[in-house]
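Enquirer: The primary structure of each chain is shown beneath.
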Amino acid sequence: MGLTDLMSMAKPNLKSREKILAKLGGRELVNCFQCIKCTSGCTALKLLELKPHEIMKLVNLGFVDELASSDIIWTCVTCLKCLQRCPQKASPYHVMIALRNLTVEREAKVPEAFMKAVSQILETGLAEAYQKVTTRKMEACDREGLKLPKISAPKESFQAAFLKALEER
Amino acid sequence: MTRIGVYVCHCGLNIAGVVDVEKVADYAKGLPDVVVARHYSYMCSERGQRMIQDDINAHKLDRIIIATCSPRMHEETFRKAVAEAGLNPYLVEIVNLREHVSWPHVHEPEKATEKAKTLVRMGVARAKLLEPLEKRKVSVEKDVLVVGGGIAGIQASLDLANAGFKVYLVEKAPSIGGRMAQLDKTFPTLDCSACILTPKMVDAAKHPNVTLLTNSEVADVKGFVGNYEVTVAKKPRYVDETKCVGCELCVSVCPVKVPDKFNENLTQTRAICVYSSHAVPKVAMINPNHCLRLRTKKKEVCGKCLQVCETKAIDFEQKPQKIKLKVGGVVVAVGSDVFDASEMAEFGYGRFKNVISNIEFERISDASGPTGGKIVSPQSGQAPKVIVFIQCVGSRDKRFHEYCCRVGCMVTLKQAVLAREKLGDDMAVYVCYIDLRSFGKGYEEFYGRARDLDVNFVAGVPSEIHGAPDGSLYFDVFDKGTNKLLEIRADLVVLANGLVPSADIARINELFHASRSADGFLLEAHPKLRPLESSTAGIFLAGACQAPKDIPDTVAQASGAAAKLVDLLSSGEIELEPLKAVVDEDLCSGCRICESVCPFLAIEMKSKKTDGEEKLRAEVIEEMCQGCGACSSACPTGAVQMKHYTEKQVLVQVQAACAEAEDKGGS
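Chains as they are written, first to last, in the numbering used here: chain A, 17 to 185; chain B, 110 to 776.
To be clear, the hints were calculated from the coordinates, so they are not data collected in a lab.
A couple of the hints might just be wrong.
Here are the simulated SDA-like pairs of lysine to any residue, each with C-alpha atoms no more than 25 Å apart in a straight line [as the list claims (entries may be wrong)]: (1) A:K73 x B:D676; (2) B:K589 x A:Q147; (3) A:K105 x B:R112; (4) A:K62 x B:K589; (5) A:K105 x B:R515; (6) B:K331 x B:E452; (7) B:K593 x A:Y109; (8) B:K717 x B:G699; (9) A:K73 x B:E554; (10) B:K752 x B:E193; (11) B:K531 x B:K589; (12) B:K331 x B:R625; (13) A:K73 x B:K507; (14) B:K433 x B:E409; (15) B:K589 x A:N76; (16) B:K589 x A:G41; (17) B:K435 x B:A627; (18) B:K593 x A:L83; (19) B:K507 x B:G482; (20) A:K73 x B:K220; (21) B:K593 x A:A133; (22) A:K105 x B:D628; (23) B:K593 x A:D21; (24) B:K531 x B:E554; (25) B:K507 x A:D21; (26) A:K62 x B:I730; (27) B:K589 x A:L179; (28) B:K220 x B:L239; (29) A:K73 x B:R625; (30) B:K344 x B:E455.
Everything numeric in this text was worked out from a predicted model, so none of it was measured.
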């Protein structure tokens with residue numbers, strides 16, 4: 017009975033779809049009428065192969081598990097153009113984040129860069145590690161060389177709060 | 110002792126599919142004073158009505174309760190049926206088992222049946238206290254008012270005038286014609302808009318039964334159905350309409366340039382101008398915001414128009430006029446506005462000269478427009494090599510307007526065909542769409558014609574438009590058909606802007622008490638069965654003020670509204686519902702609260718002699734009272750009672766609702 021994806025023989029999983037809807041806290045996703053505006057403007061489409069309108073349709077049909085285990089949801093660069101311009105206020109961006117959270121919950125594989133970013137924040141409190149800069153005379157300088165103050169490691173209370181926020185998500 | 114008949118309707122499965130109608134009828138049989146209780150598949154059918162009539166005669170019934178759909182649907186039907194059997198029609202009580210029970214409680218049939226029983230019990234309790242009432246008859250004015258001189262207003266006026274009614278046609282602009290006058294060709298037949306509209310404009314102006322009031326607005330409305338008193342404010346033209354011949358000599362000498370509204374501000378006209386080349390009446394008008402003499406209020410300033418005018422028509426002394434009219438009914442046909450795409454930053458309307466709206470395209474394509482009908486890119490003035498149309502701008506968009514504009518698709522198809530026909534094969538036309546809707550008669554065939562003419566359809570809309578330094582535009586669009594991201598470079602982008610409620614709609618709503626729907630347009634009395642009437646009796650709706658509409662639908666609705674008005678006024682008198690307020694003078698303390706809450710100004714305070722003392726007492730003006738009940742609920746002494754909804758009749762229902770179900774009918 018019902019729908020089958022003949023390319024992969026996958027069946028929809030409506031429970032997973034409900035989970036995504038619960039994470040979104042609204043049913044705007046269901047209103048998507050495939051105007052393709054999100055994909056037309058998608059920054060990641062030009063770099064990678066992210067087609068937000070396909071993700072919207074797949075989630076709507078219930079093919080959530082395939083998406084949650086695919087690399088594609090991690091390619092969104094969160095520029096928020098789709099969120100701004102969606103005529104149905106359906107926000108592919110929020111769907112993408114909900115799919116990522118579902119993946120983390122299932123303890124499936126998360127791309128290394130994301131794990132790195134988490135440990136980076138935990139250790140230094142910074143989303144980007146500070147790097148050496150090269151001057152016009154081609155000398156490599158670090159903060160010390162430029163006489164900038166040292167960046168101290170974050171307080172323990174920060175780490176606790178950060179981990180708690182992650183858990184809650 | 111009353112003898113009550115209760116009739117439970119199945120409404121097919123609409124009610125019986127949820128509510129156990131047999132149980133409800135059985136329950137009703139046990140209620141006090143109920144003589145007959147039956148259930149039947151369709152009470153509103155001929156057989157159902159006859160069943161009630163037969164019972165009235167056989168069982169000497171004097172109260173009838175019908176548990177069926179909403180009274181808005183069939184109360185009138187059942188009142189007529191019992192009247193035929195000799196019973197006063199106001200002794201019928203409708204209990205709503207469909208909208209109030211079976212539809213909202215579709216998933217809980219047992220509770221629904223219990224609720225149905227309670228509602229029937231309440232109906233029985235109330236029915237005992239119903240009093241026979243007679244409809245009121247009032248005479249009506251035979252003149253009518255049409256507000257708005259677009260194609261809807263013109264059509265309604267002509268139909269009413271031909272039916273023998275005297276019509277006052279009020280138009281805000283200096284000329285009638287409205288939005289249709291701005292269009293080039295019309296879909297799906299491509300007849301020229303002016304060719305089919307102008308003769309109608311002239312007919313309306315020349316018709317002996319039509320009084321044209323252009324440059325005028327309705328300022329005040331008083332009264333009620335059949336007897337409205339309307340004040341129209343006529344703004345000064347500063348040109349005598351009876352003398353001006355429309356030669357436009359004055360326009361050629363006027364030194365002040367003003368954006369031309371008729372041409373969507375694409376060109377300039379002068380401070381004195383004739384509204385458009387086929388304006389009716391073809392009379393000049395001075396724009397007081399721009400005319401040098403009117404702005405400075407000095408007699409020695411300018412006056413060039415005065416010197417050249419051969420008929421001495423120019424009159425700087427004209428004053429605003431108030432015209433009082435007595436009319437029996439009104440057709441509201443104030444039309445709609447076009448969505449302003451500058452609200453939508455991503456398409457760059459207003460920022461890029463070569464991004465234009467569909468109504469601007471009409472003016473550019475029109476032979477009487479700013480380019481003489483040559484389609485050009487505004488920036489270069491050259492014929493475009495690539496034109497792109499973008500659909501659903503401002504409509505089907507929850508950020509702006511959620512509804513479909515109903516004309517955007519066909520307007521674009523027509524403009525795409527016009528572009529191809531005028532510019533030849535050496536150019537490309539693309540249409541970026543979400544869904545293409547060509548639903549009307551001959552519309553799908555027209556869509557085929559556009560495809561025949563090599564109009565390219567891209568299933569997808571762009572996210573944003575970029576401008577190149579040379580004025581050309583480029584954007585990415587993902588096409589569902591090819592699954593490819595396409596880049597389109599164009600020298601003209603036309604936005605299919607939707608229709609939005611007119612800027613005046615709030616004022617119209619206030620003046621005529623005509624309600625608005627959630628989308629901002631005027632609300633019809635019933636979405637299917639009363640599409641031509643507003644929520645206020647005697648006020649009818651025509652055209653795009655009720656919802657976005659194309660020309661065929663607008664004309665159909667206008668003729669329909671006119672026919673409705675003829676139907677209302679033709680007999681010279683109308684029947685009013687007897688549901689009105691009455692004042693018990695002994696209880697009235699003269700506090701004037703009712704006077705202050707009455708929205709229809711139907712309460713008058715009169716001083717009366719009681720026990721040799723002069724006292725102020727409220728009095729209801731019957732013709733004005735619409736039976737809303739505001740006065741009755743506000744009255745602190747209970748002196749004002751609503752006929753058919755007296756305090757007792759309402760309270761007994763509340764008591765019956767609170768009584769236990771086993772109690773069979775309560776107190």
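Enquirer: All hints, please: hold or fail.
Expert: Each hint tested on the structure:
For the given pair, A:K73 sits about 52 Å from B:D676 by alpha-carbon distance, which is inconsistent with the 25 Å threshold. Distance check on the hinted pair: B:K589 and A:Q147 sit about 43 Å apart at the alpha-carbon level, beyond 25 Å; violated. A distance of roughly 59 Å separates the Cα atoms of A:K105 and B:R112; the hinted pair therefore is violated under the 25 Å criterion. For the proposed pair A:K62 and B:K589, the alpha carbon gap of about 16 Å is at most 25 Å, so the pair holds.
Pair hint A:K105 plus B:R515 holds up; C-alpha atoms about 21 Å apart against a cutoff of 25 Å. The hinted pair formed by B:K331 and B:E452 fails the criterion: a straight-line CA distance of about 38 Å is larger than 25 Å. Our distance criterion of 25 Å between C-alpha atoms is met by B:K593 and A:Y109, whose separation comes to about 21 Å. Proximity of B:K717 to B:G699 is assessed by CA-CA distance (about 10 Å); at most 25 Å being required, the pair is judged to hold.
Simply put, A:K73 and B:E554 have alpha-carbon atoms about 31 Å apart, too far for the 25 Å limit, and the pair is violated. Using a Cα cut-off of 25 Å, the hinted pair B:K752 and B:E193 holds, with the two alpha carbons roughly 23 Å apart. Straight-line distance between C-alpha atoms of B:K531 and B:K589 comes to about 30 Å, which puts the hinted pair past the 25 Å bound. Our distance criterion of 25 Å between C-alpha atoms is met by B:K331 and B:R625, whose separation comes to about 20 Å.
Proximity of A:K73 to B:K507 is assessed by CA-CA distance (about 19 Å); at most 25 Å being required, the pair is judged to hold. Taken as a hint, the B:K433 and B:E409 pair is broken in the structure, with Cα atoms around 36 Å apart against an allowance of 25 Å. Only pairs whose Cα atoms come within 25 Å are accepted, and B:K589 paired with A:N76 is accepted, the gap being roughly 17 Å. Simply put, B:K589 and A:G41 have alpha-carbon atoms about 29 Å apart, too far for the 25 Å limit, and the pair is violated.
Under the criterion of a C-alpha separation no larger than 25 Å, the hint pairing B:K435 with B:A627 is inconsistent with the structure, at around 32 Å. Restraint check: the Cα-Cα separation between B:K593 and A:L83 comes to about 21 Å, which is no more than 25 Å; the hinted pair holds. Pair hint B:K507 plus B:G482 does not hold up; C-alpha atoms about 36 Å apart against a cutoff of 25 Å. The straight-line distance between the Cα atoms of A:K73 and B:K220 is roughly 39 Å, outside the 25 Å bound, and the hint therefore fails.
With a C-alpha separation of about 33 Å, the suggested pairing of B:K593 with A:A133 is violated against the 25 Å cut-off. For the hint linking A:K105 to B:D628, the alpha-carbon distance of about 17 Å falls within 25 Å, and the restraint holds. Our distance criterion of 25 Å between C-alpha atoms is met by B:K593 and A:D21, whose separation comes to about 22 Å. Between B:K531 and B:E554, the direct Cα distance comes to roughly 20 Å. Compliance with the 25 Å bound is thereby established for this hinted pair.
Under the criterion of a C-alpha separation no larger than 25 Å, the hint pairing B:K507 with A:D21 is inconsistent with the structure, at around 32 Å. For the given pair, A:K62 sits about 73 Å from B:I730 by alpha-carbon distance, which is inconsistent with the 25 Å threshold. Annotation: proposed proximity of B:K589 to A:L179 is violated, straight-line Cα distance about 42 Å (limit 25 Å). Restraint check: the Cα-Cα separation between B:K220 and B:L239 comes to about 29 Å, which exceeds 25 Å; the hinted pair is violated.
For the suggested pair A:K73 and B:R625, the alpha carbons sit about 35 Å apart, so the restraint of at most 25 Å is broken. Distance check on the hinted pair: B:K344 and B:E455 sit about 40 Å apart at the alpha-carbon level, beyond 25 Å; violated.
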